[in-house]
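Q: Sequence:
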Amino acid sequence: MWEDERNRRGGRWLITLSKQQRKSDLDRFWLETLLCLVGEAFDDYSDDVCGAVINVRAKGDKIAIWTTDYENKEAITHIGRVYKERLGVPPKVIIGYQSHADTATKSGSTTKNNVF
Numbered sequence: 006m007w008e009d010e011r012n013r014r015g016g017r018w019l020i021t022l023s024k025q026q027r028k029s030d031l032d033r034f035w036l037e038t039l040l041c042l043v044g045e046a047f048d049d050y051s052d053d054v055c056g057a058v059i060n061v062r063a064k065g066d067k068i069a070i071w072t073t074d075y076e077n078k079e080a081i082t083h084i085g086r087v088y089k090e091r092l093g094v095p096p097k098v099i100i101g102y103q104s105h106a107d108t109a110t111k112s113g114s115t116t117k118n119n120v121f
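Position 72 of the sequence shown, counted from 1, bears residue number 77 in my numbering, the numbering being contiguous throughout.
Possibly wrong hints are sitting among the right ones.
What the hints assert, rightly or not - Below 27 Å or equal to it, Euclidean Cα-Cα: the simulated DSS-like pairs (lysine-lysine) are:
| # | residue 1 | residue 2 |
| --- | --- | --- |
| 1 | Lys24 | Lys64 |
| 2 | Lys89 | Lys67 |
| 3 | Lys97 | Lys64 |
| 4 | Lys89 | Lys78 |
| 5 | Lys97 | Lys67 |
| 6 | Lys28 | Lys97 |
| 7 | Lys97 | Lys78 |
| 8 | Lys64 | Lys89 |
| 9 | Lys78 | Lys28 |
| 10 | Lys67 | Lys24 |
| 11 | Lys24 | Lys97 |
| 12 | Lys78 | Lys67 |
| 13 | Lys24 | Lys89 |
| 14 | Lys64 | Lys28 |
| 15 | Lys89 | Lys28 |
Since the hints were derived computationally from the structure, they do not count as laboratory data.
Let the sequences and hints guide you as you build the complete structure.
A: What follows is the structure, given as structure tokens:
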């Protein structure tokens with residue numbers, strides 16, 4: 006993903022799901038993620054979205070939306086807010102944003118999560 010120049014200075018909104026959520030939430034969240042991208046749900050900031058990825062693993066699953074510029078706080082915040090609303094995630098549940106630079110140098114639970 007970082008080989009793509011448009012995504013190099015970007016980051017990702019990350020939703021982490023437990024194995025127990027696989028049956029109830031994974032397919033619904035992934036479908037809504039794709040609909041957000043195809044339908045340009047992020048309004049003026051839709052061009053700030055590079056794509057999405059899903060990782061289905063034994064321990065748990067992850068869905069991420071990639072963004073173009075981790076320093077564009079206005080775009081990141083708008084995208085995260087709209088994404089959270091579209092997924093129907095309760096306001097008290099926090100989703101995190103990680104820059105690709107942080108993700109490239111750290112792994113797992115040591116990766117810094119910026120919360121918006």
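Q: Tell me the numbers of any earlier hints that the structure contravenes, in ascending order.
A: Number 9 only.
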